[in-house]
Structures are given as C-alpha cells and as structure tokens.
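Novice: Listed below are the residues making up each chain.
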Amino acid sequence: MKRSNAPIFWALFGAGGMLAALIAPMLVFITGVAAPLGFVLPTDTLSYERMLAFTHNIIAKLALLVVVSLFMFHGGLRMYHSLHHLGFHTATGSKVVIFGGAVLATLVALWALLRIGF
Amino acid sequence: MADNTRKIDIECLRYNPETDAAPRYQTYNVPFTDDMSVLQGLQYIKDELDGSLTFRWSCRMAICGSCGSMINGVPQLSCHTFLRDYYPGPMRVEPLNHFPVLRDLAIDQTDFVRNKLPSVKPYIIPKESKTLAQGEYLQTPAQMHKYYHYSECINCLLCYAACPQYGLDPKFTGPAAIALMHRYNSDSRDDGRAERMELANSDEGVWGCTLVGYCSEVCPKGVDPAHAVNQNKVASTLDYFFRFLTPHGARR
Amino acid sequence: MSSVKTYVRPMAGWWRKNPFFVRYMIREASAPLFYLYALWLLAGIVALALGPVAYATWWAIATNPLMILLNLVVLVFAVYHTWTWFSVLPKTTPDIDVEPGTLVTGGVIAAIVVCAALFAFAWGVTR
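Residue numbers (the working numbering), protein chains in the order written: chain B, 1 to 118; chain H, 1001 to 1252; chain L, 2001 to 2127.
Just so you know, the hints here were simulated from the structure itself, not pulled from any lab data. Be aware that a few hints might be false.
[Unchecked claim] Within a straight-line C-alpha distance of at most 25 Å, the following computed SDA-like cross-link-like pairs (lysine to any residue) qualify:
| # | chain 1 | residue 1 | chain 2 | residue 2 |
| --- | --- | --- | --- | --- |
| 1 | B | Lys95 | H | Cys1059 |
| 2 | B | Lys61 | L | Pro2010 |
| 3 | B | Lys2 | H | Asn1115 |
| 4 | H | Lys1171 | B | Tyr80 |
| 5 | H | Lys1146 | H | Gly1065 |
| 6 | H | Lys1121 | H | Tyr1240 |
| 7 | B | Lys95 | B | Leu19 |
[What the hints assert, rightly or not] Here are a few chain L residues that face chain B, going by a calculated C-beta distance under 7 Å:
| # | residue |
| --- | --- |
| 8 | Glu2028 |
| 9 | Ala2031 |
| 10 | Ala2038 |
| 11 | Leu2048 |
| 12 | Tyr2055 |
| 13 | Thr2063 |
| 14 | Leu2072 |
| 15 | Ile2096 |
| 16 | Cys2115 |
In this text, a Cβ means the ideal position worked out from N, Cα and C, and glycines have one as well.
The task is simple: from the sequences and hints, build the whole structure.
Specialist: Structure representation (structure tokens):
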C-alpha cells in the first residue's frame, strides 16, 4: 500500500491553522478594518513610511513571510478537500494550481521583502 | 392501549431488489405509547400492518449494533430512539447512509465486515510470546484505561453512515476500523503498531479523514473514533518525517 | 452478497441535508478567505517594495468601502476559525487525561492574549 504524502501538506495546514487561529482575527481587524477606517487606530498605522521602517526589520520580514505562506498552505489544503466535498474530481491538476499558488506567493513575498532592504 | 396512546406516521424507505428499480417510500400510521422505541414502531408495522417490511434487530438494548438506521436523516440505533420525541411527526426511517441498500432498511455490510475490519489486524500481536503454562499477560488498570473506551465499539456502523468521506470514497478505511486499530495499538500487550502503520499511513488510512467529527457525535458507545483517527494523523506525520532516524520493524 | 442486486444512493448535495454538515462546510469556507487575504497582504508587501506610488494604490483599495466590507467578512470567518480550530484540537492530541474543555478554553484564551498583544503593539507604535 502506497504511503501517502499527505503529512507534508497536513503539517503545513496545521501550522497555518494554529497561526491563523491565534493572530488572524486581530491581523485582519487592524489591516482590513481599523486602520482603513481610522477606527481605534489612526489611518496612518499602515502608512508607507511606517511600513517601510517596520519591514526593514529581519524579524518583521520573517513574520510576514511566515504569515503569507502558512495562511495560503492552510487555506490551500482545506480548499482542496472542499472541492472533493462538493463533488469535483480532485487530482494533480487542482493540487498544482492551489499549492503552486502558495509556493509562488512564498517566493514573491521573499523577493519583495528582500527588495525592501534592511 | 389506554388513553395515553397517540399515533404517528412513520415513512419507511422500501426497496425490493427483485422487483424495484429504485427505492420508494411507504407511510404507516403507528399507535404508540411513550415508552416505545422506533424499533418497536417498526415491529408494530411488521406484526400488524405490513409483514414485508425488512429490518435488522436483536438485543433491543443498544449493545448488539444491529438496528442502525437513518431516523429523520440522523444515524441512530432504532432501539435507542423513542417515538415520543418525533411526535407529531411524520418521521422518516431509512437504511444507514453510505452503504448499498440490500432490502428496505437493511444495508449491505460486506465492505466493513470483509474488507475494513480485517485490514486493521484487529487482534493482539503479542510483545512477548507466552505459553499457556507461563500464565496470563498482566495489565494494570491504568494500562487498560488507555485503550478501554476504544474497545467499546459494537460495530453498529452509525459512524460510517455519518462519515461523508466514506460516502464519497468507500476505499477510506473509516472511523470504526481505525478506532479499532488504535485500540490494539494502545494495548500494552500488543506490539503490532509497525505492522498496522502501512495501512494507517496510506490515503485509505487516516489521511482519508478531514475531521468532520460527526462520527464521534453519533456513536452510541462513546468510542470517539474522530479522536482515534486524528491523533494517528500526528503519529503518521511523525513517522513520515522521522522514519529514517529510527529502526523500523516492518520496513520494506 | 455480491450476487444480490443492491441500490447505491447518490451523494450529491449530502452536506445540505444535515445541520451538522452545513456548519462543517461553513467552517471549511474560511479556507479560500484565508488564501485570498494572504494574497491581499502579499499585494501590500509587493506594493511596499515597488515604492510609494504603488503603495498608495494598494492603500486606496484598502480604504475602499467594498474592500473594508470584504475584510469584515474575512474577520467574521477568522473568528469562527479560531473557535472551531480550538474546538476540534482535542481530537488531535494523544490520549491524555485532560478534559477537552480545558484545551479548548486554553486555546481560546491564548488567541485572545496573542490578539491583545498584537493590538497593543499596533497601539503602542502609533502613539
């Protein structure tokens, strides 16, 4: 019986899920609602100058890389399973698109964060 | 039958493989008292209204696992479910989901009995061989506690009826079988974990599960198959990544 | 048994037939939202790397009421994810003698603490 490669995806799914469970509500609130509205936080919370300074920091770079990457690997595996639940035939194609997207996003994030400099 | 008798419409799925192309529904008006189970309702139908209605049952007390059916779309033991809770009705009784319908409320259990159960090697593979003369395998209460509730499975198949993954792909080993696998892996007398890992690690093993969790919800015995399957995902993952570090009994 | 004709019922629409499954599918629905939110964050990071003009464009979209509404939807699902994640966490732990409720409560408290810390950080740097 063939050993499944699911553990790789599940480990990433689990890490991303735990991370999301701990920080996503506040992260989404700050970046998506509070700062844009100026609600409980000023509208310049995510200003260009502040974000540039923030992302110069190596820890901040790592944090952002991890968040982008793990959120996508987490969402990706669940999306893949959901396709199956909804009756779509899931094979290599859907895996390549979903996880290829996550890998690509990770690489793009890495590039962008390095381009920002230190 | 006194003035505490009420009546309820029970709509049953009917299917005769010799005459029917597809299942149909037939409604029976059943008088009942508050102490009557759905099983007793079905027995009333068979005894008084329609002797052709087919369904499995035995113990009437939720221990044999024979009488599982879908009652208003929920997998339940019909002996363990009461007509009074469905009044005024109508209520619907159907065979357990995700299994082929054999006849009326009886399902074809072959896949579970012939494939799933044996595949997990549900027996003690002893750590040490002992002759009868050497005496029993000793086990402390704490050691027994580790696997005990997983051993309470009555093979009623409610969990398979609850599991959409099994319904979508019957190759999935499924909740009860994996819970039983875990029962033996957790038994201090057993040494068969490595042998059972091959199945556990496959897509038909623990990886067929997406933690819907409905199996543990419907289990009449508190076996908690969802816990058995999902903690073995962790075990399987550790095995996947660290397999090159430790010597393996069943390595090929 | 195999020589007897049996009837196999179709699975189509299975999740709509039971409230438990509907709640499960809602839980799973958070997945594409996290996926898209990560892409949205990535867009901001890329815009940051490309310069102030690009970033201003990203911010203009971020402050668009439609985008705020979308993020509000993501927020609702993010909170539901936190709750359902820790609710099922006890199913993945080994057979330890800890009440599942304790793990769930512990997890939710951890999430509240981490979120509070994140807010405090944002609050602190914007004073």
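Novice: Each hint needs a verdict: does it hold in this structure or not?
Specialist: Tested hints:
Among the hinted pairs, B:Lys95 with H:Cys1059 is inconsistent with the structure: their alpha-carbon atoms are about 48 Å apart, more than 25 Å. Using a Cα cut-off of 25 Å, the hinted pair B:Lys61 and L:Pro2010 is violated, with the two alpha carbons roughly 49 Å apart. Between B:Lys2 and H:Asn1115 the CA atoms are separated by roughly 17 Å; this keeps the pair inside 25 Å, and the hint holds. Simply put, H:Lys1171 and B:Tyr80 have alpha-carbon atoms about 19 Å apart, close enough for the 25 Å limit, and the pair holds.
At most 25 Å may separate the alpha-carbon atoms for a hinted pair to count; H:Lys1146 and H:Gly1065 meet this at roughly 24 Å. This hinted pair checks out: H:Lys1121 and H:Tyr1240 have alpha carbons roughly 21 Å apart, not beyond 25 Å. At roughly 22 Å between alpha-carbon atoms, B:Lys95 and B:Leu19 fall within 25 Å of each other, so this suggested pair holds. Contact between L:Glu2028 and chain B, as hinted, is supported at the beta carbon level, the nearest pair being about 5 Å apart and thus within 7 Å.
Given hint, L:Ala2031 at the interface with chain B, holds; its Cβ is 3 Å from that chain's nearest Cβ, closer than 7 Å. The restraint placing L:Ala2038 at the interface with chain B holds, with a minimum CB-CB distance near 4 Å, inside the 7 Å limit. Because the smallest distance between the Cβ of L:Leu2048 and any Cβ of chain B comes to about 5 Å, under 7 Å, the interface hint for this residue holds. A cut of 7 Å between beta carbons decides the hint on L:Tyr2055: the least distance to chain B is about 5 Å, and the hint holds.
The restraint placing L:Thr2063 at the interface with chain B holds, with a minimum CB-CB distance near 4 Å, inside the 7 Å limit. At a threshold of 7 Å, the smallest CB-CB gap from L:Leu2072 to chain B is about 6 Å, leaving the interface hint in force. Here the hint on L:Ile2096 is broken, as its CB sits about 18 Å from the closest CB of chain B, past 7 Å. For L:Cys2115, the interface hint holds, since its Cβ comes within 7 Å of a Cβ in chain B; the closest pair sits about 4 Å apart.
When each numbered hint is compared with the structure, violations occur for hints 1, 2 and 15.
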